[in-house]
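Student: Chains as they are written, first to last, in my numbering: chain V, 1 to 198; chain H, 1 to 198.
Just to be clear, a hint being listed does not mean it is correct.
Remember, identical chains collapse to one label, so a pair may be satisfied in a single copy or spanning two.
Said to hold, decoys possible - Straight-line distance between alpha carbons at most 27 Å, and here's what the computed DSSO-like set of lysine-lysine pairs gives: (1) Lys148 / Lys22; (2) Lys143 / Lys26; (3) Lys26 / Lys147; (4) Lys197 / Lys19; (5) Lys197 / Lys13; (6) Lys72 / Lys13; (7) Lys26 / Lys195; (8) Lys197 / Lys22; (9) Lys111 / Lys148; (10) Lys19 / Lys147; (11) Lys118 / Lys72; (12) Lys187 / Lys197; (13) Lys195 / Lys22; (14) Lys111 / Lys72; (15) Lys187 / Lys147; (16) Lys13 / Lys26; (17) Lys187 / Lys26; (18) Lys19 / Lys72.
These are calculated hints, taken from the structure and not from any lab test.
Number of protein chains: 2
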Amino acid sequence: MTEKLHIIPHNYKLGQADKELKQGHKAACLWFTGLSGSGKSTIANAVEQVLFEGGYHTYILDGDNIRNGLNKDLDFSEAGRNENIRRIGEVAKLFCDASIVVLAAFVSPYKKDREILKDLMGDEFYEIYVDAPVEVCEQRDVKGLYKKARAGEISNFTGISSPFEAPEAPQIHILTHQENIEESTQKVVSYITSKLKL
Amino acid sequence: MTEKLHIIPHNYKLGQADKELKQGHKAACLWFTGLSGSGKSTIANAVEQVLFEGGYHTYILDGDNIRNGLNKDLDFSEAGRNENIRRIGEVAKLFCDASIVVLAAFVSPYKKDREILKDLMGDEFYEIYVDAPVEVCEQRDVKGLYKKARAGEISNFTGISSPFEAPEAPQIHILTHQENIEESTQKVVSYITSKLKL
Numbered sequence: 001m002t003e004k005l006h007i008i009p010h011n012y013k014l015g016q017a018d019k020e021l022k023q024g025h026k027a028a029c030l031w032f033t034g035l036s037g038s039g040k041s042t043i044a045n046a047v048e049q050v051l052f053e054g055g056y057h058t059y060i061l062d063g064d065n066i067r068n069g070l071n072k073d074l075d076f077s078e079a080g081r082n083e084n085i086r087r088i089g090e091v092a093k094l095f096c097d098a099s100i101v102v103l104a105a106f107v108s109p110y111k112k113d114r115e116i117l118k119d120l121m122g123d124e125f126y127e128i129y130v131d132a133p134v135e136v137c138e139q140r141d142v143k144g145l146y147k148k149a150r151a152g153e154i155s156n157f158t159g160i161s162s163p164f165e166a167p168e169a170p171q172i173h174i175l176t177h178q179e180n181i182e183e184s185t186q187k188v189v190s191y192i193t194s195k196l197k198l
Numbered sequence: 001m002t003e004k005l006h007i008i009p010h011n012y013k014l015g016q017a018d019k020e021l022k023q024g025h026k027a028a029c030l031w032f033t034g035l036s037g038s039g040k041s042t043i044a045n046a047v048e049q050v051l052f053e054g055g056y057h058t059y060i061l062d063g064d065n066i067r068n069g070l071n072k073d074l075d076f077s078e079a080g081r082n083e084n085i086r087r088i089g090e091v092a093k094l095f096c097d098a099s100i101v102v103l104a105a106f107v108s109p110y111k112k113d114r115e116i117l118k119d120l121m122g123d124e125f126y127e128i129y130v131d132a133p134v135e136v137c138e139q140r141d142v143k144g145l146y147k148k149a150r151a152g153e154i155s156n157f158t159g160i161s162s163p164f165e166a167p168e169a170p171q172i173h174i175l176t177h178q179e180n181i182e183e184s185t186q187k188v189v190s191y192i193t194s195k196l197k198l
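Could you build the full structure based on these sequences and the hints that come with them?
Tutor: Structure (structure tokens):
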């Protein structure tokens, strides 16, 4: 940190380009979409660590920091889910504007919603499809959600009682039932670092 | 940027402390509250420039990037304004979590809302009261909003048809009708840089 800061206000608002230049890399939104239990958060966390250690400024948006905060007023109906994704997209855009590589890990089952994200963020939006058969995800059932969904305790559960509309042309397609975490992580990191060059 | 990135995923989620250490400074939310035309955005922009040039990672949340995006569904009724500030607070908290010094410039006229922000962000929240008499603000009327409010074209306009509940114990009190921009900026920068030391 510079100890002595100079006060020379000029009528100029810092923009994304100023910050990217200082950071040494472009901003981007890596959007991980896929069923519950497909491995979105696991891969996003692993990718973030590699990028962070490589000098990138990163941040993860996921259910942990969104559903109990910004979006705690929303339910899991289709309308609630639409608004959930809309708000997350707007927040991701702000993080891009701050020159950060933001990783978002959300089921985001509707094509329409992901199209809105693409329109909102343009070339900075990268769709990463974290894919595994629903049977595999259900078997993993890390959070016990499939069990609850089968028991009827959760309604509108994607893959069980609510559809997942798979991406048709994601930038990256990960198959977590066939690849290990290292392979999936490498795939994302290799692709994205080439895109983050200034 | 490191050219070769190593893929060694470990089951660990990067936290705010990891990022603050890398950035070399703590995160914080500088919340600028005050009437329209009091100078919130001007001071926030000037403070951001000084901090940015001093090596801090900064970002500004203001009407420009919030009202047309995340909060475009909200009106200016008291309920709409409450929700506006709640969401901005949640977003500011995410930016703190990403180890950024986030500057938020919003009228935020209600004490109750600012109390919620304090509760949400704790010690990372700094209330900066950008103060000028309503007559001075109305005379400046940079955006022509007071004129519209007087003509009845804008309802619930703070200072005219809606109250501004002044902060009782802000961390910083700026008087833009008595200080120049350099003085106000210096006041904020001096105070906050001492707080941002790791």
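Student: Broken hints, numbered, in rising order?
Tutor: Per hint list: 1, 2, 3, 10, 15 violated.
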